[in-house]
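Asker: Residue numbers (UniProt numbering), protein chains in the order written: chain A, 1 to 358; chain B, 1 to 358; chain C, 1 to 358.
Rather than coming from a laboratory, the hints here were simulated on the basis of the structure.
It is possible that some hints are incorrect.
[What the hints assert, rightly or not] In silico DSS-like pairs for lysine-lysine, Cα to Cα no more than 30 Å straight-line:
1) 37(A) x 183(B)
2) 308(A) x 37(C)
3) 198(B) x 352(B)
4) 109(C) x 352(A)
5) 198(B) x 109(A)
6) 323(C) x 183(A)
7) 37(B) x 323(C)
8) 323(C) x 42(B)
[Claimed, not checked] Listed below are several chain A residues computed to face chain B (Cβ distance under 10 Å; list not exhaustive):
9) 63
10) 70
11) 84
12) 85
We put the beta carbon where it would ideally sit given N, CA and C, even for glycine.
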Amino acid sequence: MNTISDAMKMSASVANQSSFPLNQWYVAAFSGELTDKPIARKLLNQPVVLLRTGGGQVAALEDRCCHRSLPLSCGTVESGGVRCGYHGLLYAPNGSCIEIPGQERIPAKAKVTSYVVTEKNHIVWIWFGSEEGSAPTHDAPDYPHHDDPKYKFGWGVYHYDAPYQLIHDNLLDLSHLGYVHLKTIGGNARQHMNAEMKVTSEGNMVRVIRLMPGTPPPPTYKAAYPFGDKCDRWQEIEFDVSHLRIWTGAVEPGKDVIDDPDRGGFHMRGFHGITPETETTAHYFWSMASNKHPDMPETIDTVIEQTKYTFDEDRVVIEAQYKNMRQFGEQAAWTDIHVDVGAVRARRIIAKLLESSR
Amino acid sequence: MNTISDAMKMSASVANQSSFPLNQWYVAAFSGELTDKPIARKLLNQPVVLLRTGGGQVAALEDRCCHRSLPLSCGTVESGGVRCGYHGLLYAPNGSCIEIPGQERIPAKAKVTSYVVTEKNHIVWIWFGSEEGSAPTHDAPDYPHHDDPKYKFGWGVYHYDAPYQLIHDNLLDLSHLGYVHLKTIGGNARQHMNAEMKVTSEGNMVRVIRLMPGTPPPPTYKAAYPFGDKCDRWQEIEFDVSHLRIWTGAVEPGKDVIDDPDRGGFHMRGFHGITPETETTAHYFWSMASNKHPDMPETIDTVIEQTKYTFDEDRVVIEAQYKNMRQFGEQAAWTDIHVDVGAVRARRIIAKLLESSR
Amino acid sequence: MNTISDAMKMSASVANQSSFPLNQWYVAAFSGELTDKPIARKLLNQPVVLLRTGGGQVAALEDRCCHRSLPLSCGTVESGGVRCGYHGLLYAPNGSCIEIPGQERIPAKAKVTSYVVTEKNHIVWIWFGSEEGSAPTHDAPDYPHHDDPKYKFGWGVYHYDAPYQLIHDNLLDLSHLGYVHLKTIGGNARQHMNAEMKVTSEGNMVRVIRLMPGTPPPPTYKAAYPFGDKCDRWQEIEFDVSHLRIWTGAVEPGKDVIDDPDRGGFHMRGFHGITPETETTAHYFWSMASNKHPDMPETIDTVIEQTKYTFDEDRVVIEAQYKNMRQFGEQAAWTDIHVDVGAVRARRIIAKLLESSR
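Please model the entire structure based on the sequences and the hints provided.
Answerer: In structure tokens form, the structure reads like this:
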């Protein structure tokens with residue numbers, strides 16, 4: 001993985017070959033996004049309308065009325081489905097047109113594609129299979145921390161003008177914190193670069209653990225927890241094709257043990273759904289759950305606020321990086337350094353999944 | 001006409017074959033637009049400068065100085081023509097350069113293309129022939145309602161990021177009023193969809209008549225005329241290749257007869273000039289003339305104001321529709337429904353005109 | 001040079017053949033631009049980061065970290081060079097990576113291209129040779145007026161959405177002043193068009209001298225110098241491939257002689273560095289130096305202010321011209337007139353330089 005050719009070659013891929021791993025659950029939305037209005041969102045190159053019917057059911061349809069091509073996302077949600085905003089055709093969650101105002105007969109071809117979706121732990125997952133109409137081969141991922149009373153969470157949906165794998169790279173290599181996020185979750189740049197790092201992989205998962213005992217707590221940590229001068233920090237990153245789970249935090253030295261599964265201290269549980277929009281753009285669904293210190297009740301609001309700021313900083317860097325990749329073109333090779341081990345493994349997994357589907 | 005391929009194939013058409021019916025008068029401007037400044041407007045892919053000389057003559061020239069290519073529309077209008085804003089070359093309405101400041105001799109090649117234009121009923125029409133320099137084969141259309149003392153009119157010029165035929169579709173099928181224009185000229189959606197409809201055609205014209213007796217007057221009608229709970233509404237639409245005339249209105253039930261040519265009641269006379277800018281964009285020149293109820297002197301201002309609002313709503317829908325057509329590509333077929341008869345006939349006329357010119 | 005084909009063909013040129021004269025010094029920046037932040041600037045299609053190290057040395061590097069492609073211009077300047085803002089790699093002015101935080105060994109390939117730059121008379125010049133790594137064959141140009149106590153100067157850097165040669169054309173033909181710059185340095189249009197003009201050339205230089213004795217002083221001249229009704233104006237323009245020097249001004253009739261090298265009166269010494277950004281865009285580095293009349297101490301500020309206004313007017317015209325050239329395409333020929341002699345010679349020089357490098 002010494003070149004940017006993986007990312008670049010995608011753009012040239014033919015229409016029938018997906019540039020993304022298929023037979024996967026991808027994040028389509030957070031539950032909180034689906035209220036009384038339909039949402040237009042392109043996912044893996046498919047223009048989709050996401051909606052919650054009056055009855056509460058979540059549905060994902062091709063975002064196009066079969067009559068005159070207006071996006072169904074310009075229409076209105078009713079109890080039985082979504083009604084087109086141009087001439088009033090009504091579609092059920094399974095994609096069938098079930099009413100054409102002023103016309104008795106509904107032609108058999110009056111229908112649109114529907115996608116398999118499921119809602120779980122406040123996340124709406126969508127299945128993209130390699131065969132049209134095939135059923136999911138496994139359940140959507142669990143993410144119990146959204147429902148764990150120990151935590152409270154906030155979320156955001158960011159659009160990236162950059163290919164999805166650059167976001168994987170960023171999240172799998174947290175050594176950038178000391179250069180990019182000095183004002184929030186950063187800290188001493190050299191301590192980040194010199195952190196003890198352990199990378200393991202299993203199936204399509206990569207796990208990176210980085211420990212930084214005895215380091216100064218960064219601004220967000222100090223704002224949320226009464227640390228002293230030093231803390232023992234950990235970063236546990238799990239990559240799983242369509243999303244990452246990142247558990248970071250710190251304990252007070254001598255009080256808690258940094259790798260005790262039941263350790264106390266200050267925790268940030270990040271969920272990161274990264275769903276390609278196109279070969280060159282992506283949706284980034286993040287949530288951050290944090291525990292509350294008894295003496296600092298406003299912790300979670302502060303953590304969410306600073307998390308937004310942090311992820312804005314990442315977006316600036318990654319979009320600038322991608323713009324530059326386009327500017328310099330494929331011939332501009334990448335020189336790997338010591339911190340790239342996790343990201344390079346994740347790229348190999350994606351490459352293998354794409355290869356096996358050809 | 002079950003697919004969007006007509007609109008889409010245009011983009012691929014070779015330069016020498018027009019994607020638009022030729023040997024037609026198209027609207028270039030409303031008279032009120034041509035004051036002391038030249039106007040730049042691309043019409044049927046031709047960049048044109050429109051101007052009224054100090055002497056009052058309307059002219060249309062290729063919008064490019066033959067010296068160094070500055071648009072003549074960046075220059076100034078004089079009594080004898082238009083003067084370039086870079087080095088002062090002066091062009092007559094026939095396209096000849098008639099002055100090069102500081103130089104005696106004017107080369108024979110110092111000239112630009114001029115177009116045939118005529119001004120009639122407050123409309124500036126431009127002729128696009130299939131042969132360069134050929135004279136018009138028929139007179140420009142009449143539109144006497146602009147000069148009828150019974151009416152007052154207002155107008156607007158809208159730019160569309162959508163191909164011209166989607167505007168034809170929209171105007172030939174007024175069943176969308178109940179979904180798109182609820183706040184102005186809409187009304188009960190089902191009554192619109194179930195209106196009695198008669199479609200006839202003759203030569204290159206299509207006429208659609210829709211009657212909706214005994215229906216509630218929509219907001220604009222109530223604002224402009226003292227209707228009661230119900231009125232008898234009519235819609236008469238005439239399509240004529242480059243423009244449509246739409247006569248709509250309502251009479252009070254029992255007082256006037258809905259299809260009496262001299263009927264009273266409330267009238268809206270819409271003129272709709274639809275001139276392609278390029279294969280994928282269009283100019284929409286609309287005017288609305290209305291009669292004044294004796295007790296409601298501000299009628300026409302209200303009607304114009306609400307007409308603007310209505311046509312803004314149409315633009316939002318049609319541009320969203322076209323953006324989606326581009327997104328889904330040619331393979332996305334259209335399923336026709338009962339209200340499409342008029343629009344489908346108009347598309348056949350355009351297709352036949354394009355075919356016969358190949 | 002009757003067509004716009006030179007400018008247009010550039011876009012189609014293959015990557016390995018430069019569209020710009022090489023083995024030339026081009027302006028990269030004014031000295032005053034390089035403070036404590038790096039500058040990103042694309043020059044002759046090369047994305048370059050310009051910087052002044054803490055030690056004061058000016059450097060120009062390929063604007064891309066060899067690790068993950070972030071622009072180095074997103075990083076920070078240190079005494080020893082520039083540090084990447086993503087993972088902290090540090091680059092010396094010669095392009096070598098001299099530090100990878102957290103890693104002992106620096107791979108040999110960890111480096112970026114560096115460009116030859118030199119700083120002289122408040123101008124930063126960059127050398128673009130035809131062979132990679134070749135040394136400059138001549139010294140960077142002198143421009144002593146920036147250091148002449150007789151003058152004070154101000155400067156600006158403008159971006160043009162137009163190819164560089166259109167700016168040459170504009171500056172070599174000052175007859176446009178009477179049409180474009182009426183409010184500042186213009187004057188009577190006809191006197192400009194009829195000015196006595198002498199064009200000479202020598203090597204790669206073109207010199208245009210225009211004299212306009214007994215003409216009314218334009219607004220900027222009157223604002224800066226106590227002229228009466230008439231003045232004797234001169235314009236001396238020197239084109240030198242990558243830049244022009246323009247000496248204009250006026251003397252009081254009967255007091256000074258218009259072509260005496262030591263003449264008094266009001267002087268404007270313009271420096272115009274024109275550096276292609278791409279085939280279709282350019283950077284325009286201008287400075288204006290002026291002498292101060294003893295009774296009018298604020299002269300220079302007024303002159304700079306009005307010069308900015310003047311060059312804004314030029315940009316509007318030239319960008320409109322180029323947009324129109326693109327619109328009409330290559331087939332739209334140019335008709336030369338009497339004022340084009342200097343500009344046509346400069347185009348021949350560029351064409352010859354490009355030809356000889358193929």
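Asker: Evaluate each hint against the coordinates.
Answerer: Each hint, compared with the structure:
Of the pairs offered as hints, the one joining residue 37(A) and residue 183(B) holds, with about 20 Å between alpha carbons and a cut-off of 30 Å not exceeded. For a cut-off of 30 Å, the pair hint linking residue 308(A) to residue 37(C) stands: about 26 Å separates their Cα positions. Taken as a hint, the residue 198(B) and residue 352(B) pair is honoured in the structure, with Cα atoms around 23 Å apart against an allowance of 30 Å. For the suggested pair residue 109(C) and residue 352(A), the alpha carbons sit about 28 Å apart, so the restraint of at most 30 Å is met.
With a CA separation close to 26 Å, the supplied pair residue 198(B) and residue 109(A) stays within the 30 Å bound. Between the alpha carbons of residue 323(C) and residue 183(A) the distance comes to roughly 44 Å, so the proposed pair goes past 30 Å and is violated. At roughly 20 Å between alpha-carbon atoms, residue 37(B) and residue 323(C) fall within 30 Å of each other, so this suggested pair holds. With a CA separation close to 13 Å, the supplied pair residue 323(C) and residue 42(B) stays within the 30 Å bound.
For residue 63(A), the shortest C-beta to C-beta distance to chain B is roughly 7 Å, which falls under 10 Å, so the interface hint holds. Interface restraint check: residue 70(A) against chain B, minimum CB-CB distance 5 Å, threshold 10 Å, status holds. Interface restraint check: residue 84(A) against chain B, minimum CB-CB distance 8 Å, threshold 10 Å, status holds. Given the 10 Å rule on beta carbons, the hint for residue 85(A) holds: about 6 Å separates it from the nearest Cβ of chain B.
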